[in-house]
Amino acid sequence: MMKIRKLFSVFIVLAFLSPVASHAAKSTEELPNIPWGFQKVFSTYDRPALQRGFQVYKEVCAGCHGLDKVAYRNLSGLGYNPDEIKAIAAEYTVIDGPNDEGEMFERAAVPADRFVSPFPNDNAARASNGGALPPDLSLIIKARTNGPNYLFGLLTGYAEEAPAGEELLDGQYWNKYFPGHKISMAPPLSDGLITYSDGTEATVEMATRDVVEFLAWASEPTMEARKQMGVKVLLFLFFLSVLLYIVKRRVWRDVH
Amino acid sequence: MSGNTEKGQFDNKVVSWVDERLPIFTMLSKEYGVFPTPKNFNYFWNFGAIAMAMLSIMILTGIFLAMNYTAHADEAFNSVERITRDVNYGWLLRYLHMNGASFFFIAVYIHIGRGLFYGSYKGPRELLWIFGVLIFLLMMGTAFMGYTLPWSQMSGWGATVITNLFSAIPIVGDSIHTLLIGGFTVDNPTLNRFFALHYLLPFVIVAVVFLHVWALHVTGSNNPLGIEPKSKKDTLPFHPYYTSKDVFGLSVFLLFYLWVVFFHPLALSHADHFKPFDSMVTPEHIVPEWYFLPFYAILKSFTADLVIPFTGIILVEAKLLGVLAMFGSIGLLFVLPWLDSSPVRSATFRPIYKICLFLLLISMLVLGYTGSQPAEGWVVVAAQITTAYYFIHFLVILPLLGKIERTKPLPKSINESVLAKKEGK
Chain V
19 MMKIRKLFSV FIVLAFLSPV ASHAAKSTEE LPNIPWGFQK VFSTYDRPAL QRGFQVYKEV
79 CAGCHGLDKV AYRNLSGLGY NPDEIKAIAA EYTVIDGPND EGEMFERAAV PADRFVSPFP
139 NDNAARASNG GALPPDLSLI IKARTNGPNY LFGLLTGYAE EAPAGEELLD GQYWNKYFPG
199 HKISMAPPLS DGLITYSDGT EATVEMATRD VVEFLAWASE PTMEARKQMG VKVLLFLFFL
259 SVLLYIVKRR VWRDVH
Chain B
1350 MSGNTEKGQF DNKVVSWVDE RLPIFTMLSK EYGVFPTPKN FNYFWNFGAI AMAMLSIMIL
1410 TGIFLAMNYT AHADEAFNSV ERITRDVNYG WLLRYLHMNG ASFFFIAVYI HIGRGLFYGS
1470 YKGPRELLWI FGVLIFLLMM GTAFMGYTLP WSQMSGWGAT VITNLFSAIP IVGDSIHTLL
1530 IGGFTVDNPT LNRFFALHYL LPFVIVAVVF LHVWALHVTG SNNPLGIEPK SKKDTLPFHP
1590 YYTSKDVFGL SVFLLFYLWV VFFHPLALSH ADHFKPFDSM VTPEHIVPEW YFLPFYAILK
1650 SFTADLVIPF TGIILVEAKL LGVLAMFGSI GLLFVLPWLD SSPVRSATFR PIYKICLFLL
1710 LISMLVLGYT GSQPAEGWVV VAAQITTAYY FIHFLVILPL LGKIERTKPL PKSINESVLA
1770 KKEGK
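Taken in order, these protein sequences are the chains called V and B. So the numbering used here is basically just the index in the first sequence, starting at one, shifted up by 18. So the numbering used here is basically just the index in the second sequence, starting at one, shifted up by 1349.
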């Protein structure tokens, strides 16, 4: 018996040690911890922030990063009406075809088209970015652990220069949160780089928050529909459970 | 159903007509209507029905997902994204299915744990138990192959790691490996065969579940006291008593499941599951789904080759030892009914067994945690200690304990015990 107790206490100690150990093992910088509105249980996306974030993506990120899983029609989720969406899509050209003569041709994008990527293929993207491939951003929030905070940290975590003893190659920058710290993306944002159409002051922090909100939407555009249905389903199921419990009690009354 | 067990004795003429030609209503009435069931079940006995419901949910959502999924290495990742974005309620189907796997395993683990605690594997229910272990094994295969279908980084590399295990088998290992993945590396043929098998195996599971339930209805259910019902006083008809209880339990279980589906659908997922598979980039660390972690930890805990001392001749390589131990840990469950030497079923009356089983649970939790961590430092040691306990529990403790343990006196009948409990209140 004593031995078993002892063994058991060892397990308990191990269980308590584990978070400490895994914490110590992390060498990278602790990510910022921002209470994102859209991460709350019953919350929705912030429409004005989404539209501002879309503007940041369009004017800054889209120079290098695609968003190929999102279609222009999806922008209705940001609060744009069909005419606005048509106008946004028409700003881009897509290659379509072949036509009756067998030729490929260019035409203006329509709402049904996916976001036009800045480069025709990965090799072209690498060639104009010093060998580094700018990732597609459609799923970037889900494809990084603690996505929203990671992206916020990455975009605001640039240092003026590398710490002593670290060499940066041409076209590399020092980033506090990027794995390995050496990132090939120049600091993309600066204060006042963007002039928001709604008059909000576009500080780096504001623009970063907005673009994170927008990319969170891009990675999970069905979040609002999901939560709305979830509330109904769970309420229904809760009352059903109560009723079923009453039924069970009634049925079992003569046994207990 | 009026509780008839004689063929063709139904009030409804159509039912009678059918029943005289194919006595399906008689069968239903006998097996789910009047079927005598011990009256003292606790809520742990709900999880068989819950697991059955989860299996149905998985098959239904899976069929609709398959209608929209493309099993090709170039298309799979995008088709899964298309399901969540563009297919009507596709996000719901996908989240029900991916979290459904987790909750299916939760239900089955509780169901297995209940069997271990109350000795449900002991005679005359050995075959019932063996069918159960077979279902568990089939579930693991199905879940693993399902994990590869989105063709993400985690999918492709998970498939690479797991199929590589088979190459550790001497002589035929490499051939088996090639056969499994359909080539020399994990690629489109791997995805195609995994999709085919992922669609096939659930129906094999249904068949074994049928045998499992059949065997159950021959021996009857075990119960928390672990003694057989002796008279009618000890049992209740399945309907309405256990139908009402099962439906209530299922409803509560669904509350938890759907809470996760609707509000935390990615809580059990991993960021590498949202990057397309790239055979040139290995993820930082490859982990299976949580329900495989204890077995993954057993696999990883063998870090040294088995050698003949002082000669340096390697008898068994560490990798093969790990693979053998991992499969052995589940293989042991098949022979569990003959490893446990105690005639008493329920742990309620086995004070020492109860402690050992609690340690086994702790071991599984520690193994689960260590399985999720990179194998270094104390993690390896903890995994090795708990792996050792896992095997000692089944191979040493269970055969010996039955011979030395002094068990508490068993009650005379289920009814007596239930009445005593009632008076005690």
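Since the hints were derived computationally from the structure, they do not count as laboratory data. All values derive from a computational prediction rather than experimental measurement. No residue lacks a Cβ here, since even glycine has one placed at the ideal position from N, Cα and C. Hints are not guaranteed to be accurate.
[To be verified] Straight-line Cα separation of at most 25 Å, DSS-like style, residue types lysine-lysine; simulated pairs: (1) B:1761 to B:1771; (2) B:1388 to B:1703; (3) V:266 to B:1581; (4) B:1703 to V:160; (5) B:1388 to B:1581; (6) B:1703 to V:266; (7) B:1668 to B:1703; (8) V:76 to B:1752; (9) V:160 to V:245; (10) B:1582 to V:266; (11) B:1362 to B:1579; (12) V:266 to V:58; (13) B:1579 to B:1761; (14) B:1581 to B:1703; (15) V:76 to V:104; (16) V:266 to B:1757.
[Claimed, not checked] Which chain V residues stay away from chain B? Per the calculated CB distances, all over 12 Å, these: (17) 73; (18) 97; (19) 102; (20) 115; (21) 159; (22) 165; (23) 205; (24) 211; (25) 254; (26) 266.
Hints, verified against the model:
1. B:1761 to B:1771: At roughly 16 Å apart (the allowed maximum being 25 Å), residue 1771 of chain B and residue 1761 of chain B satisfy the hint.
2. B:1388 to B:1703: holds (23 Å)
3. V:266 to B:1581: holds (21 Å)
4. B:1703 to V:160: The given pair, whose Cα atoms are some 43 Å apart, is violated under the 25 Å limit.
5. B:1388 to B:1581: Cα-Cα ~10 Å, so holds.
6. B:1703 to V:266: Roughly 31 Å between the alpha carbons, so the hint for residue 1703 of chain B and residue 266 of chain V is violated.
7. B:1668 to B:1703: violated (34 Å)
8. V:76 to B:1752: This hinted pair is violated, its Cα atoms lying about 75 Å apart.
9. V:160 to V:245: holds (17 Å)
10. B:1582 to V:266: The hint holds at about 20 Å.
11. B:1362 to B:1579: violated (37 Å)
12. V:266 to V:58: It is violated: about 36 Å lies between the C-alpha atoms, which goes past 25 Å.
13. B:1579 to B:1761: Within the cut-off at roughly 9 Å; holds.
14. B:1581 to B:1703: The given pair, whose Cα atoms are some 30 Å apart, is violated under the 25 Å limit.
15. V:76 to V:104: Between residue 76 of chain V and residue 104 of chain V the Cα gap is close to 15 Å, so the pair holds against 25 Å.
16. V:266 to B:1757: Violated. Residue 266 of chain V to residue 1757 of chain B sits at ~33 Å, over the 25 Å cutoff.
17. 73: Holds, because the least Cβ-Cβ distance between residue 73 of chain V and chain B comes to about 22 Å, which exceeds 12 Å.
18. 97: holds (18 Å)
19. 102: The claim stands: residue 102 of chain V keeps its Cβ more than 12 Å from every Cβ of chain B (closest is about 21 Å).
20. 115: Its Cβ never comes within 12 Å of chain B, the nearest being 21 Å, so this holds.
21. 159: violated (9 Å)
22. 165: violated (7 Å)
23. 205: holds (24 Å)
24. 211: holds (29 Å)
25. 254: violated (10 Å)
26. 266: Its Cβ does come within 12 Å of chain B, the nearest being 4 Å, so this is violated.
This entry does not satisfy hints 4, 6, 7, 8, 11, 12, 14, 16, 21, 22, 25, 26, going by the numbered hints stated previously.
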